[in-house]
Amino acid sequence: MSVAHPELIEEWLLASSSDEEPAEPRDASQGLRDCMESVGSKRLRDLRAFEGVGLLLSSWSIRRLFEDPSRALELEDEPFSWTPDRARRQVGRQAFQVALAGGMPPAAATAVVVDQMAREAGGERDGWSGSLPAWLAGLPPGARGVVQAEACSWATELWDLVDWPHLQSGLASRGWRVAAQHGKDRWRFRGSPRVTMESQTDIRVVAAPGSAGAGSAAARQLGAIVLVERSYREATAADDLAFAALVSALSRGKVPRKVLGYWPQAGVTLMVDVNRQLLLDAVARLDRLLERLSYLSCRERKVVLRDPSRLPSPSRAPHPLRRPAWRTTRLWQPARLATACEGSRRSQPSAARPPP
Amino acid sequence: MATSRPISYELLMDALRRPGVPRPEVDRSLAASMRVEVEDALRPWLERLGKLERPGKLERLGNGDEGSRPRDPLPTRGSHPDRPIRLTKARITQVLACAFHARVSDESEQSLTPAMVRGVLVDRIFRLGVTAGVDGDPVQRATEALVAENETGALVYLDGLHPVARSRLEDSVRAVAEGLLSVWRPLDWRHFPRTQVAWSLPFGAGRVVFGGKVDLFLGRPHGERASTCLVDLKTGNASPDHVEDMRFYALLETLRSGSPPFQVASYYGDSGELDAEQVDEGLLRAALDRAIEAMVTLCRLEIEEVPEPVPNPECRWCRLQPSSVTRRQLTGRDPAERRLQQVVAMREEAP
Numbered sequence: 001m002s003v004a005h006p007e008l009i010e011e012w013l014l015a016s017s018s019d020e021e022p023a024e025p026r027d028a029s030q031g032l033r034d035c036m037e038s039v040g041s042k043r044l045r046d047l048r049a050f051e052g053v054g055l056l057l058s059s060w061s062i063r064r065l066f067e068d069p070s071r072a073l074e075l076e077d078e079p080f081s082w083t084p085d086r087a088r089r090q091v092g093r094q095a096f097q098v099a100l101a102g103g104m105p106p107a108a109a110t111a112v113v114v115d116q117m118a119r120e121a122g123g124e125r126d127g128w129s130g131s132l133p134a135w136l137a138g139l140p141p142g143a144r145g146v147v148q149a150e151a152c153s154w155a156t157e158l159w160d161l162v163d164w165p166h167l168q169s170g171l172a173s174r175g176w177r178v179a180a181q182h183g184k185d186r187w188r189f190r191g192s193p194r195v196t197m198e199s200q201t202d203i204r205v206v207a208a209p210g211s212a213g214a215g216s217a218a219a220r221q222l223g224a225i226v227l228v229e230r231s232y233r234e235a236t237a238a239d240d241l242a243f244a245a246l247v248s249a250l251s252r253g254k255v256p257r258k259v260l261g262y263w264p265q266a267g268v269t270l271m272v273d274v275n276r277q278l279l280l281d282a283v284a285r286l287d288r289l290l291e292r293l294s295y296l297s298c299r300e301r302k303v304v305l306r307d308p309s310r311l312p313s314p315s316r317a318p319h320p321l322r323r324p325a326w327r328t329t330r331l332w333q334p335a336r337l338a339t340a341c342e343g344s345r346r347s348q349p350s351a352a353r354p355p356p
Numbered sequence: 357m358a359t360s361r362p363i364s365y366e367l368l369m370d371a372l373r374r375p376g377v378p379r380p381e382v383d384r385s386l387a388a389s390m391r392v393e394v395e396d397a398l399r400p401w402l403e404r405l406g407k408l409e410r411p412g413k414l415e416r417l418g419n420g421d422e423g424s425r426p427r428d429p430l431p432t433r434g435s436h437p438d439r440p441i442r443l444t445k446a447r448i449t450q451v452l453a454c455a456f457h458a459r460v461s462d463e464s465e466q467s468l469t470p471a472m473v474r475g476v477l478v479d480r481i482f483r484l485g486v487t488a489g490v491d492g493d494p495v496q497r498a499t500e501a502l503v504a505e506n507e508t509g510a511l512v513y514l515d516g517l518h519p520v521a522r523s524r525l526e527d528s529v530r531a532v533a534e535g536l537l538s539v540w541r542p543l544d545w546r547h548f549p550r551t552q553v554a555w556s557l558p559f560g561a562g563r564v565v566f567g568g569k570v571d572l573f574l575g576r577p578h579g580e581r582a583s584t585c586l587v588d589l590k591t592g593n594a595s596p597d598h599v600e601d602m603r604f605y606a607l608l609e610t611l612r613s614g615s616p617p618f619q620v621a622s623y624y625g626d627s628g629e630l631d632a633e634q635v636d637e638g639l640l641r642a643a644l645d646r647a648i649e650a651m652v653t654l655c656r657l658e659i660e661e662v663p664e665p666v667p668n669p670e671c672r673w674c675r676l677q678p679s680s681v682t683r684r685q686l687t688g689r690d691p692a693e694r695r696l697q698q699v700v701a702m703r704e705e706a707p
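Protein chains in written order, with this note's numbering: chain A, 1 to 356; chain B, 357 to 707.
Next up, chain B with everything else stripped away, as it sits in the complex (with noise of 0.2 Å):
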């Protein structure tokens, strides 16, 4: 059941902690019967994959005619220990939503925005808010951070920005960052957190990846009861694509540890809400649906022909769409057949 009020500490310790309230017990064989089905589910396409030529040492180096060669803009990529096909979060959501889409973006580069930078810096204000604690201007400190991560993009980004845009922007950030450390205190030790902790879970022999990454981690994953809780933290609005993904967050730390969280958590830190939700394995297997349908149809477009696009609010990050198609147009109910035409047509036109 979610749950979405804003809080003090105090509560948000409660929320997060719920003292006295029994923890569910674990099966150490669901973990072992999840794994299985991914996979059962994965085998059919493992020996359709392993035909897929990967691109030669040659080819990687580039041996200086590449000018000549004309080049697909949707080259088949194949899967390889060393190239797995990598599930995350959007993936999932993107793949679901049009693998049309999927297909496109991951070949395309994504560009920085105002709102991706920002919420880099406020994510590393979290992570040092739950850490060590921030002295002093939180964008000072997150751009310290930054500058010791090698962090170049988000650096090069803010470097770029004219004076007054960044100005703005670090405003925004300082107006979050109140309100984040206001509630986010360094934490208990006892509770055993830790941040940015990454899952990386291979299947097939490599050559699919479950992959992600949760701010926060808390508790201890061994023992007779489930006993951790994972929490996100989000910058802007509040989607149902949230939930999604904490679940399949959920999913991978049982699949890690064999020991499912109690709970999962995202909060917001420009409404100062937290969303959480209990995990139970009816929820575990939901995403564990969710993951082989998305991974199934990652492995049909690595072998089969690219699908047709389904017009729907991804289109707005399309490699492919046209500066002129506005957002209604995209999502609308009637322009769809228009968008559909002017997306085939530029697949068309393509080099």
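Next up, chain A with everything else stripped away, as it sits in the complex (with noise of 0.2 Å):
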């Protein structure tokens, strides 16, 4: 499997901004919200262990807490700092937006790119807001050059995906434009605001404001959505972008039509259509998890009350819990889960027993 010829992602992309009416409804995104709110109130209430812990769920920490659910009580022993190796990501995709824009190679871009955030760390550009702006201003050149060299290899790399030039005027064409994205996709369960559902999104094809295909009903949804991952593992790649676009649809309200996976380190483009069921199973496989997670809250609370010392606590390493011998794991059944996605409220006595 090598990366897939950039015409033929080219034409995938392309077809993202069709108009056609999306085979999804238009409230899509709020039946799914409402069907991860009815997950979360059946699990969620169960997760006491991680009051004043938090728990984030992104690809990376589900595909680890599905290897070994106690995990979820270790604690980072360090707050977040920035590093070159963290930073690439972020500066990478303002380079590439000013590439797209300026129509200059991702290297140059990407040192307009990192001098600018250094001298405007201050100030109040939109997008270039947090910390990131404020560290790269206090670095000397030394570690600024890491910075803009790791940039410039991510950036890079991206631009080789297609000729984005390219697409972008044909999207353009259409009433649509790539946009490289700031920031995280971000929820939260409403009932659980410590949970967090997180996804990186790199790139997403959308509606250019102002066009006329922004108010029509294909518009309603996302283009596309494209990520640049760096570990790839051929058993959850797929999982990982349902994922994505899960988080993407309810934190903005839209789904996206298509997802787009690229490992460049590996050599691999995975292209996913995103349909209801994919998004549906994404959802079950999140309430697996936290199924297992409620059972391991509820098995741990057995253990605080013999042993106190073990509650788990910000300033406490990590927690000595094993991993539980699993007795029985239940699939999740799609047919019930559509019928909540739908707006039913009806009970569902047996998906919400907690296991034995």
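Hints were generated in silico from the structure; no laboratory data involved. Among these hints, one or two may not hold up.
[To be verified] So the derived label-pair ranges between C-beta atoms look like this:
{"#": "1", "chain 1": "A", "residue 1": "Gly191", "chain 2": "B", "residue 2": "Gly489", "range": "47 to 55 Å"}
{"#": "2", "chain 1": "B", "residue 1": "Ala642", "chain 2": "A", "residue 2": "Arg188", "range": "53 to 61 Å"}
{"#": "3", "chain 1": "B", "residue 1": "Ser627", "chain 2": "A", "residue 2": "Arg194", "range": "29 to 37 Å"}
{"#": "4", "chain 1": "B", "residue 1": "Leu468", "chain 2": "A", "residue 2": "His182", "range": "21 to 29 Å"}
[To be verified] Which chain B residues face chain A? A few, computed with CB under 8 Å, are given here:
{"#": "5", "residue": "Val377"}
{"#": "6", "residue": "Pro378"}
{"#": "7", "residue": "Pro380"}
{"#": "8", "residue": "Ala504"}
{"#": "9", "residue": "Pro549"}
{"#": "10", "residue": "Gln552"}
All C-beta atoms, glycine included, are put in the ideal place defined by N, C-alpha and C.
Given two chains presented individually in distinct reference frames, assemble the corresponding complex, making use of the accompanying hints.
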């Protein structure tokens, strides 16, 4: 499996800007939110172990939690701090945007972005808020040079994927455009604000503001989202993309039509058409995970009753819990979930029953 | 064909981009057929690798009674997508030289040496030099880069050096940097330069990963003709292994993008020489055969008994090397038998 040919990808992305009525109804994202809230209300009430700790569900953490749910109770030893490796994606996205808008190579755009970010660290420039510009501004020249080098490599790898200027002009003729995303997609459960779903989308194909297409039924959806990921795992790659589509729909209120995953190090591109079943499967997978975690949480409370010193707290090292022996793992029933998504509030006794 | 000569910036760019020289056409089926060859070679081993037990959760966490359990100096490791067999240029060289050495060195941690720290610093200077340029003291800039990257290993090593030794090391780096930066300036953006480009290509559902990282990547991989050039910076003396390393990188890029580079090159920071080689199908096939041979040997190492050691220059870095054995003894003809006996004796004595 090598990287798909750029022309193939371009054609596929162009198709995301079709004027056809979207397959999903206009309130699909609201249905998904209701569906997730329904899942959350069932599962999250048991997650007391996370009170005061918070639970972040990203595609990476979900993969890790499926492998070893007890890790959910582990706490980060150190607070977040920027490194060139962590900054490459943020700076690289901005560089990509500048390169696309200004018709310059990504390397030149990266130099411009790093320089401007550092100079305007204290300013109010939209989209560059946060700690990254301030961190960049405080870096010595050698460190800033490494950030530039990292971001340049990232942006150039993305630039190689497709002939972006050609795609942009093709989309523009239909009233759509390519946009680099600022920040992450995040969504929180209403009843459990400490549980957050998070996904990193890099590029979006969206209806251009003010264009004829912007008000159309099709534009109520996102055209496509593109994710540039690092470590490729064949077994979970499609699930990761489905999760990204779900979080994008939940957080932005628009369901993407297509998701493109690009793993440049592995030379893999994965193109997924988003449909209802894909999103329901993503919800079901989350439900399975939360079910496991809630079981773990119940089990943890019993342990704590015997030994209160094992209560997880921010000041303590990672909890020494070991993986419990799961006796049963019930599979989610998509039909039931679909009913929930359509707004039905009927009770689901068997699904709500905690695992033995 | 390899060419080696000290060069200037203009000559360097000409040597790397070869303007006017027709580039070979890209055969899109080549990468696909090579991937099939790797998968075919791996298939007989996958089932056997899958049967190996991974260390359990309790074992990985430590269950508190490690002290009472004798530690196997050469434990069976198994292969799993979480912990794949990783094939890199260094592993290929090791395993083809002496499978025993490869098995042993895999379990031991390599400690930093002055030459390695020097290489790390020169590497950062090169990266800064081709991207943003280096103003001021290059060692200072490289150290700033290491601090930002949290490269604690090299930083701790530098901090732990005696001031005289540190000064000597930094002077040595400055001497290399002076020549390096006179040739490598911020590269023309139209060449799409990128640095530290990594590959991580999974095979056998992720049980084996071909990996590597090249210092400089020029050009764009798509198009009807091969148009990329890979450059690796080397500190120290030239070695035949470096040529094989670059051929392996050419293979990795071909498998990744489907489009082979038209040229690979090693740049020697100390001598200022560029060793460039044109890439063709024969070169890629040779690199593929070598990689498959190494991969199969590594798979065999996972499953079968530890092989007998083969005396060779790699013995200098072997964990079981007795300190009393000199390099001549290790690499010479006559003492080889003695070396074998020593290693075997050490293995028997190992706890």
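Cross-check of the supplied hints:
Gly191(A) and Gly489(B) have their C-beta atoms about 54 Å apart, which keeps the hinted 47 to 55 Å range intact. Checking the proposed 53 to 61 Å range against Ala642(B) and Arg188(A) shows it holds: the Cβ atoms sit about 55 Å from each other. In this structure the hint that Ser627(B) and Arg194(A) lie 29 to 37 Å apart at CB is violated, the actual value being about 59 Å. A C-beta distance of roughly 40 Å is found between Leu468(B) and His182(A), which places it outside the suggested range of 21 to 29 Å.
Of the supplied interface hints, the one on Val377(B) is violated, with its beta-carbon coming no nearer than about 22 Å to a beta-carbon of chain A, more than 8 Å. Checking Pro378(B) against chain A by beta carbon gives a least distance of about 22 Å; that is not within 8 Å, so the hint is violated. About 17 Å separates the beta-carbon of Pro380(B) from the nearest beta-carbon of chain A, more than 8 Å, and the hint is not met. The beta carbon of Ala504(B) is positioned within 8 Å of a beta carbon in chain A (closest approach about 3 Å), and the interface hint is therefore held.
At about 6 Å, the closest approach between the beta carbon of Pro549(B) and any beta carbon in chain A falls short of 8 Å, and the interface hint on this residue holds. At a threshold of 8 Å, the smallest CB-CB gap from Gln552(B) to chain A is about 6 Å, leaving the interface hint in force.
Going through the hint list in order, the structure does not satisfy hints 3, 4, 5, 6 and 7.
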